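In order, the protein sequences belong to chains H and V. Its first residue numbered 976, the first sequence is counted upward by one per residue in this note's numbering. Its first residue numbered 976, the second sequence is counted upward by one per residue in this note's numbering.
Note that these hints are calculated values from the structure, not bench results. Among the hints, erroneous ones may be present.
Any copy, or any two copies together, can satisfy a pair, since identical chains are not distinguished.
As the list claims (entries may be wrong) - Once the Cα atoms are required to be at most 20 Å apart in a straight line, the calculated DMTMM-like pairs of lysine to aspartate or glutamate come out as: (1) Lys1036 x Asp1311; (2) Lys1314 x Glu986; (3) Lys1014 x Asp1224; (4) Lys1314 x Asp1357; (5) Lys1314 x Asp1070; (6) Lys1036 x Asp1357; (7) Lys1047 x Asp1337.
This structure is a prediction, so every number in the text was calculated from the model and none was measured.
Number of protein chains: 2
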Amino acid sequence: MNELKTRETIEIIADGTVTTPRGFTAGGIHVGVRDDWSKLDVGLLVSEQLCTAAATYTRNKLMAAPLLITQKHLANGTARAVVANSGCANAATGDQGVTNAMTMASAAGAALGISPDDVVVASTGVIGTQLPMDRVEPGIGRVALTQQGGIDFAVSIMTTDTVPKYMAVRHGDWTIGAVCKGVGMIHPNMATMLCFMTTDANVNGTFLQDALRQAVDVSFNMVDIDSDTSTNDMALVLANGMAGGSEIDAAHPDAEPFQRSLTLLCTAMARKMVHDAEGGTKLIEATVTGAASPGDARLAARAIVSSIGVKTAVYGQDPNWGRPLAAVGNSGAAFDLAKSRLSLVHPNGTEVTLFAAGSPLDYDYSAARTSLAPQDVFLRVDLGLGDGEATAWGSDLTEEFVRLNSVYTT
Amino acid sequence: MNELKTRETIEIIADGTVTTPRGFTAGGIHVGVRDDWSKLDVGLLVSEQLCTAAATYTRNKLMAAPLLITQKHLANGTARAVVANSGCANAATGDQGVTNAMTMASAAGAALGISPDDVVVASTGVIGTQLPMDRVEPGIGRVALTQQGGIDFAVSIMTTDTVPKYMAVRHGDWTIGAVCKGVGMIHPNMATMLCFMTTDANVNGTFLQDALRQAVDVSFNMVDIDSDTSTNDMALVLANGMAGGSEIDAAHPDAEPFQRSLTLLCTAMARKMVHDAEGGTKLIEATVTGAASPGDARLAARAIVSSIGVKTAVYGQDPNWGRPLAAVGNSGAAFDLAKSRLSLVHPNGTEVTLFAAGSPLDYDYSAARTSLAPQDVFLRVDLGLGDGEATAWGSDLTEEFVRLNSVYTT
């Protein structure tokens, strides 16, 4: 009952963004990192007040220069601004790259009259090339910051994304806003997942970091587009406390709705990224229940949405039960075919069970095909071994994906 | 010098097969597991004398019925025959499937006048359907066994393979022959890797199992086609000792050439499978050196050939250095970009280094493209951290692969 009540009190603001919470302004500008003159390529986001900050970073050991600087600037747990660019990832750029990332922070600090140490730096785009600092550095100072600027900021970090991605959620007095970009890689780029969130809630730093970690673990970390992790991935949340109220920590009554709101927002952003996956036509949502442990459920769910066999079968609307089950069998999760059950769920609620108790069923083939027709495809696997549950999301694999990822540009 | 001499004394018999060693006969027949009447679908392989036997099996927890029976029959370390079929994997078939696998062994035992316990059973093809035992059981007794039958046996286990795969190697008095089938999965099948090897060498059982494990670890276990492991994978070696000589164990002078011969044969078979990968146009060979450990080298090499980004870039002949390095960064292997080096090697020996000491080099783009043109593409990564080395093989990823794996059959 309590849970239901909480769910009801979280309001989704579909056109909300990082400037929806109190005290945040943002903007974007074209400085010429990218050739396309019409595309914003540098963005700035700032809070009126110093924020509690939390972040998670790529697990790829090849970590880009801006992330190294950001880690340093967030070591004290606070920040006030984000400076970001698209078109160049500033990754694999050596010492010059680190210097350039520091210069971006300094330029933002100078423009905003704040310490460079309070500036988060992020880059996304081509790796192995240096930023055109002669354009980036003066450009940062020319960004017009407004309360409507969250969407321009979202546009400024887009690379191969076809739409800007943003949303906000509200609970009681506080709001959390988000922008993100994905998704899929394209020559000569490795696409980056960037997600920036802002809130006017008054949040304790330790709790904020824990909450972000939990939210990212069940959202961005459960997404598979092309099984590669970028050098530049980052999720950040800035909390400026301007909504007032007592500090939210793990014992606070708002701890649960805050965690739920953050998770909801990250999950929605993750789904937006998958929907916009390059060369993808469908979102595959795999939910695993009955796993021996939560970790096993995560392994199994991720294995399903990462399987090339599953991705191609879903693209072809082929109810091939062997592929998701083989993916689970390979995942490392405890697995007993005789206890496993696989079904497809149509968004209208119709469920077709393809496999149960060790054998394929004589299912309705036409209904199974129909459940694979929508843009969102739902696979359910119950492993019959325990209480572990997890959900993962992936894109399908198409000829267009191969074409986009194999053509070279001169 | 000793190594060089050994290498020179291993003779490759390109048209050799499992009936090349003394005392082995084989054959194949069409019984109607598959609809195509012209395709052999049941095969039999037998030794005049009882053999020392060693096997490795799929690591997929979904293990097919014939493998369960084979494990039981090989528990005593000996066998005399193999009965195999294509067209039906006898996987996910419950108790009936286990009964059918036992019946295949019994029918082979009856036909050959040997104990069913000395018969290895293997199946490959569609999963989730029962074998047509009314055709399979009598068919087994009708297989004509000849000393030239090794190729028919190789044909009888083909599924989506386009060519039968076989080879033999000889050293001194003994010979090892092999047949295998792959490769890639296609609806509604999950393709299986089967490799059967025979030798007339007199080999100690424990040494044979160790030698097979070592050979498989650096060959079949380093292959990636579609990142899925079949339910039916098996590699088997039968040694009947008919070449005479003292028993080869780890301390025997022939231990080293035997290990080398087995590894050479398994590697050649693995490469044949990749060359025949469905929808693939190229073999990608990734060699990692300088890893912190041999395990790290394996992780890194496998990650490169499994990466969708690498597979599509190689297909497009795109010298995209970011993708293999990002794959290594994600592999779990210790990695320091500043110490890493990546090059492409043309089969003619020309090497183009794309990346070294933390930065992309100003390489000859045309030469790099040229090195990606041949059917066999060689990537070399040195991690600069230690002595760990490994090689892995994978296929590229093409629009045709997606088409083959997404179309459904009615």
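Evaluation of the provided hints:
no., hint, verdict
1, Lys1036 x Asp1311, "between (35 Å within a copy, 7 Å between copies)"
2, Lys1314 x Glu986, "neither (40 Å within a copy, 50 Å between copies)"
3, Lys1014 x Asp1224, "neither (40 Å within a copy, 69 Å between copies)"
4, Lys1314 x Asp1357, "within (8 Å within a copy, 45 Å between copies)"
5, Lys1314 x Asp1070, "between (55 Å within a copy, 14 Å between copies)"
6, Lys1036 x Asp1357, "between (34 Å within a copy, 16 Å between copies)"
7, Lys1047 x Asp1337, "neither (59 Å within a copy, 31 Å between copies)"
Checked against the numbered hints above, the structure breaks hints 2, 3, 7 and satisfies the rest.
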